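Number of protein chains: 4
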Amino acid sequence: MAKKIKIAYIGGGSKQWARVFMNDLILNDSLNGELALYDIDVDSAIRNKKIGERLCELQEAKSKWDFSVHEEIGTALTGADFIVISILPGTFEEMRSDVHTPEKYGIYQPVGDTAGPGGILRSMRTVPIYEQFAKDIEKYSPDAWVINFTNPMSILVKTLYDVFPKIKAFGCCHEVFNAQDFLTLVLEKVKGIERPDRHDIYTDASGVNHFTWITEATYGDIDILALLPEFEKQYPDGILLRPFRESFLDDHAKVKMDLYKRYDAMGAAGDRHLVEFCNSNFYLKDKDYCKNWGFNLTTVDFRQERQDIRVAESIAMAEGTMPVELKKSSEEAVELMKAIAGQGTIVSNVNMPNIGQMASMPNGSIVETNCIFTHNLVQPIVAKELPTAALNLVHRAGLNIDATYEGIKERDLKKLFATFADQPLCANLDLETAYNLFKEMCMNTKEYLEPFFDLSVL
Amino acid sequence: MAKKIKIAYIGGGSKQWARVFMNDLILNDSLNGELALYDIDVDSAIRNKKIGERLCELQEAKSKWDFSVHEEIGTALTGADFIVISILPGTFEEMRSDVHTPEKYGIYQPVGDTAGPGGILRSMRTVPIYEQFAKDIEKYSPDAWVINFTNPMSILVKTLYDVFPKIKAFGCCHEVFNAQDFLTLVLEKVKGIERPDRHDIYTDASGVNHFTWITEATYGDIDILALLPEFEKQYPDGILLRPFRESFLDDHAKVKMDLYKRYDAMGAAGDRHLVEFCNSNFYLKDKDYCKNWGFNLTTVDFRQERQDIRVAESIAMAEGTMPVELKKSSEEAVELMKAIAGQGTIVSNVNMPNIGQMASMPNGSIVETNCIFTHNLVQPIVAKELPTAALNLVHRAGLNIDATYEGIKERDLKKLFATFADQPLCANLDLETAYNLFKEMCMNTKEYLEPFFDLSVL
Amino acid sequence: MAKKIKIAYIGGGSKQWARVFMNDLILNDSLNGELALYDIDVDSAIRNKKIGERLCELQEAKSKWDFSVHEEIGTALTGADFIVISILPGTFEEMRSDVHTPEKYGIYQPVGDTAGPGGILRSMRTVPIYEQFAKDIEKYSPDAWVINFTNPMSILVKTLYDVFPKIKAFGCCHEVFNAQDFLTLVLEKVKGIERPDRHDIYTDASGVNHFTWITEATYGDIDILALLPEFEKQYPDGILLRPFRESFLDDHAKVKMDLYKRYDAMGAAGDRHLVEFCNSNFYLKDKDYCKNWGFNLTTVDFRQERQDIRVAESIAMAEGTMPVELKKSSEEAVELMKAIAGQGTIVSNVNMPNIGQMASMPNGSIVETNCIFTHNLVQPIVAKELPTAALNLVHRAGLNIDATYEGIKERDLKKLFATFADQPLCANLDLETAYNLFKEMCMNTKEYLEPFFDLSVL
Amino acid sequence: MAKKIKIAYIGGGSKQWARVFMNDLILNDSLNGELALYDIDVDSAIRNKKIGERLCELQEAKSKWDFSVHEEIGTALTGADFIVISILPGTFEEMRSDVHTPEKYGIYQPVGDTAGPGGILRSMRTVPIYEQFAKDIEKYSPDAWVINFTNPMSILVKTLYDVFPKIKAFGCCHEVFNAQDFLTLVLEKVKGIERPDRHDIYTDASGVNHFTWITEATYGDIDILALLPEFEKQYPDGILLRPFRESFLDDHAKVKMDLYKRYDAMGAAGDRHLVEFCNSNFYLKDKDYCKNWGFNLTTVDFRQERQDIRVAESIAMAEGTMPVELKKSSEEAVELMKAIAGQGTIVSNVNMPNIGQMASMPNGSIVETNCIFTHNLVQPIVAKELPTAALNLVHRAGLNIDATYEGIKERDLKKLFATFADQPLCANLDLETAYNLFKEMCMNTKEYLEPFFDLSVL
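Protein chains in written order, with the working numbering: chain A, 814 to 1271; chain B, 814 to 1271; chain C, 814 to 1271; chain D, 814 to 1271.
The set of hints was computed from the structure by calculation and includes no laboratory data. These numbers come from a predicted model, not from an experiment. Don't take each hint at face value.
Copies of one chain are not kept apart here, so a pair can be met inside one copy or by any two copies together.
Said to hold, decoys possible - As a list, the in silico PhoX-like pairs of lysine-lysine whose alpha-carbon atoms are at most 20 Å apart:
| # | residue 1 | residue 2 |
| --- | --- | --- |
| 1 | K917 | K1098 |
| 2 | K877 | K1151 |
| 3 | K1100 | K917 |
| 4 | K1067 | K1227 |
| 5 | K1140 | K877 |
| 6 | K877 | K819 |
| 7 | K979 | K1222 |
| 8 | K1004 | K816 |
| 9 | K1074 | K1046 |
| 10 | K1197 | K1004 |
| 11 | K1074 | K1227 |
| 12 | K1067 | K1104 |
| 13 | K979 | K1197 |
| 14 | K877 | K1259 |
Take the sequences, apply the hints, and build the full model.
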């Protein structure tokens, strides 16, 4: 029998992720209930409500959901069993500064939302918002499970736990799934066996979000990582993963394999993400260098266009001028919620504070490892130790996040600049140039920063 | 398609556990291959081979196994995928000393094979044997998975890892299963729902073997531990668990509940085991005191008689004068082996060195927690922190084991006496009396100790 | 040139310790300034002021001090560079219950103010008072150095840090000094060299207050601990330390040596204290058993009488009818203050939160180790690891303190009883008896407990 | 009375450091005995013996020493109380490759013997030699105290402990002393007080060798670090420290101050060393960039010339054609030896395995912190936590050392290249260029590498 729950959705006006989530929700058959949409953009939330209601009417729908729209976060949160958060901090204009301003300084970021200059600035805009979310959750629904989807993932999960230590939160990201998909391809190509589903292999992944590593990958007793050298011999240029996607998102797994070759553990996120945690010159030496490594820089223009299309679609779907259809995504959020609600047990990788799952990372740093989800519990699995040199990169990324968080929490621009200059993507800058870039990026996005930071000291 | 494997069985002449194991093995349908029996008692191993062969001929048999008997451990181990170890160190005469000699000094042990005076002496006999096993495994089958069933569990697993650090070993024990069974009963009695199978609830268990604690027990979103006060009100004298068993093994769960009442976490082993980690006066003040707590002292006479029956049965079964039948046990060893062999994923509690699963226990101490078994991997799950006072008892037990191991490894009777006197079960002795007891127990079992220890210093 | 400082003295009406402290202060020549006495017993504080003023007038006085008496803690604390705290929680009537009520249950406590039943009850009375002190210090003098002398030492220092984490506090105790004195005696007796001052040897001490251990003791390159077996052969009954003291405080070092014999590290506090952390039967089996071990039980009658004499002396000294004289004590508080004030560097053992000085103890537990005092800094020295079996006893004591603190902080009598029953001194009690004793002791002292605890649940 | 000891000197033919050491030794008045010189360059050792004997004859000599020369290490070590090690691995030709080859690739190293390309290559030459030293010490003088002076300091101390875990070794370096000297200058300039000796202030230093940081610096209750901003205002270009030295060794403390400005802790080594742990572009962007920061690149030509002069001096002194004179150096080695020998207590910063002194660094990494030296003991003092961003740099340096050690121990060039490419000084290279540089440097020094590494795989 399906279980009745209430889900609050912060950022419920989302143009993309909300639809994906509603699809998966409606296609599940063991949960039903209410989805409470909260967004500062109420119109978008109302559109999502309408889309959700249309989806529920489809024949393929397997569960019934009521949709509500909230102008105040409190009513959305009250009584919630689960809270999902997926917001866009600032607008595409701010994102444009995050991603493209550093290019003037020779820094190329394929994504620009996690590490590097873009990641720091985006953190500065987003963490203060999450500080408030954490307080609201403590006030209105302290027992709810909180699932974060917003980037920069690690620092936002850290914010939630730091402000409200008893929160039951974790952060979900599908990047490791893609790495698992790649490994099933390796199995197929090297061993000549029919490509299994990624759920049929087991991987031990650990690291920080978007810079996770796979240290073990087994299919029965086949050690998949050990097949990589042979695979690389066959495909020295890698293979295009997910070719149906826009070329801006290309990934040939060349970076993943290069990391394996040097570090004895495989990078386990999209190549576009992994490279943002490495020295600029390794994979992003100049604007076209990335092509050698089989990936592209995603422009904000592209993002903007894609978003415009989605908005148009949303309006059309909401107004009924465009058909809606139900399709299961490759995301796991609904599966995790089911397991937590007592419907089965599942292992997946999520982001949580370190309590022992990565023994060599600082206690309390947000790390991504496998966890077990079951019966109202989420428990991390102790990850295999990373090889020393890989651990060094991950530890550095982790402390950079912790230092960034400290700087934002204390509204201390000096601390923020120190960690800004120490980003691997800034390795090519001298200190004066780094400072100029930092200042320029702050000024570009001052509308969103000035409520929290005193920019006049810059 | 079933996978072909070789299992080496050290102690393959076992009178009880071998039969249970062969049953489960033959009733599984995804593994088959060879079971190589090694025992210093070759005749018993030969009998088990014959029994195994008869079982395989039964119509209900789901997999085919070849059985071999080995007089040398090397041939048994060579080529093994799995090694199971289940031996009896010494004879019932030594066990008689372990269990009953302390009674003269006012110390009553329901089991006497893990903690307390009996546990120390049994450790002194068994650890040196396991030192050799570890060396043999390193030599003959370093990549095999090793499953230990012999008590004292923790110290023997510690021995294996200390002598051969790269060993892939874990220790299995069913005691937590019984505690889970009890919790399903609580669910039934308090919530009036049909009693679920223990696999349908989830428990977070942690501690050291035979002194594990359940800190979380959930059935969907029902917090089962929170039902205990109501259950206790209904059943102030507990309920006899597993009434089909001999009264010597009675368990009314009164100790488990008492621990929960005082420590906010439930003891998760048979009451007979739990009490051996507590001060004598708590549950074992005098010979009959245990009756107040719903359990009995198991005599070695009873064990001897039970064993005699089993030997007679074994002979009859081997000779074909007694019918054999296949019956699945409640043990999980075969399930774990299947998962490791790549046939599914399973979570179960086993004993392994601490690498982060119990953050407050020393690194390297052998702890029992949930682990995930899958595709050639066994990975511990980080356990919820024990309440401080319970942690104190468990930590004390853990360091007592480490100190005992140190004393045996260094063949240092002084160190062994120090930890002997500090056993909770010895809390009522003065130092002189404790020394006399220690010396008497050493002398009683000197046949098995003198090859390793210089008893003349006592 | 002497440095001018302000010292606030909480408990400044103290009958004994205040005089000792004023003596050492006035006999130092590098600090001078103001001593601000605060006490709820204002009359006593006024008497101490008068005594202090008389002492300052003596020819031997080396520094000038102004004395002030404060009825409000705020004025005493404001502007203080140092704060010393030395109070008596409750009266001798409460202490009588702490020490002697357990005797009816077969528990004999030579001191009864740290561990065991007496220690728990005294903690319950004192911690709530210290919670307020911590808040006052945060408010009035957050930068002052705080030196605690009150027992139970560990839990009170823990309280200060838990309530006001940035406090600069440590706890001073002279017990290790006595153990060092004993070791100089060993040097003399075994090596035949002239007995050196305790400052001329070096000891590495670690543990929790009153249950510290010496793991290294060197005089040049002489390993003093290695001399203990020879010393014991010469003096099987030990030697009476400090024979000038009342027999109630006798210490023949027999317990210290016995611990060394069994644990390879020497107990480093008065024997009367050490035994309170061991099972009752080891050294306190019955009322007279302690005589075998060369120490006595200190009665509260004795304490009362001694106190009466001291009060009479104080009155006489304050009124000028009794001469005052200056005499340097063996305490180190003033030396530590001098070093902190930048007048030299000194190593001494004090009680502080664990930040790495005892790697095997929990972070944040209050441990006693050597620290270096110098130029406005106090930094712990990493202690040598305790032998495993000794570590087990110390760790147990440490977690018992942490659990007691947790129970008091949460005003949770259930938690308090759990740790009460687990005290080594309660090892002989069954649970029902332990509960009766706990209840009786709470009721005896309810005047001081009821403001904080709901005793009606007992 | 002076204590008689034997000191073994590995590298006893040293051209510079041996003379310094002999001076300090002969000028001390509490130790005397034998100095056993071992060197593969026997002639140089013989010269040092002669120089030592001449020094002893001077009137100012305060202690008598016998000098012996050993062609076999065993006789030098046997019976030693102390062992000092100070060797040059390879010749100036290898050093030329270490320091200058990277310049072709845009990497400028002022020293080139610790971190960066030069540090890695020098480690590869030296660690295998130290593996043998550790075995020799275990064999011939396991109880001796071992003082290392050779660079790269951290990895060599790590080698000693990894090969012979019970060794009593530490590494001495004077770089922190210079930072302390600078702070006394700051005191003088800002506070207008007479410049005190560096021993009169207290600093808490921590980090890895040549990349240590001062987190606290106090003079009485003056916080010296807090004076740095004012000092920098007065001296925006720093002040030349030790102007008597060759300009190649110039240090204006500008880097130290820049680090303080950004990280809230002051770099505490020569600026020339500190910059080698930072991204190239920060202080070493091009060949002349360092001039902006007040330091120079030390050429190997300069080193060679200086060495030639020293050799000529040594010959002349040994032959008696040049006068010898006794002069106390600013080194502390002899002071530390005196303290260990039981002549007083001293606090100094040395390099030892982390056992808690830096809680956020990995256990067992070699860290430099204050330690207390006294009576046959050296015990680390727990250092104040570094600010997060500074900790990140130090942790990165520490794991780079650990990874380098792992690569050398396993003779694994792949691992070595991984950590080579991750050196901050290599941050400007792409992977292919980094590999070419690594290969070129290996080939340049192959005479010293081929006995240990299979270079054909490059």
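Here is how each hint holds up against the structure:
1. K917 / K1098: both (13 Å within a copy, 19 Å between copies)
2. K877 / K1151: within (15 Å within a copy, 39 Å between copies)
3. K1100 / K917: within (11 Å within a copy, 25 Å between copies)
4. K1067 / K1227: between (37 Å within a copy, 18 Å between copies)
5. K1140 / K877: within (16 Å within a copy, 45 Å between copies)
6. K877 / K819: within (12 Å within a copy, 51 Å between copies)
7. K979 / K1222: Result: close both inside a copy and across copies, 19 Å intra and 18 Å inter.
8. K1004 / K816: between (43 Å within a copy, 18 Å between copies)
9. K1074 / K1046: Result: close within a single copy only, 12 Å intra versus 50 Å inter.
10. K1197 / K1004: neither (25 Å within a copy, 41 Å between copies)
11. K1074 / K1227: between (38 Å within a copy, 9 Å between copies)
12. K1067 / K1104: within (11 Å within a copy, 41 Å between copies)
13. K979 / K1197: Result: close only across copies, 14 Å inter versus 27 Å intra.
14. K877 / K1259: Answer is neither; intra-copy 44 Å and inter-copy 59 Å both fail.
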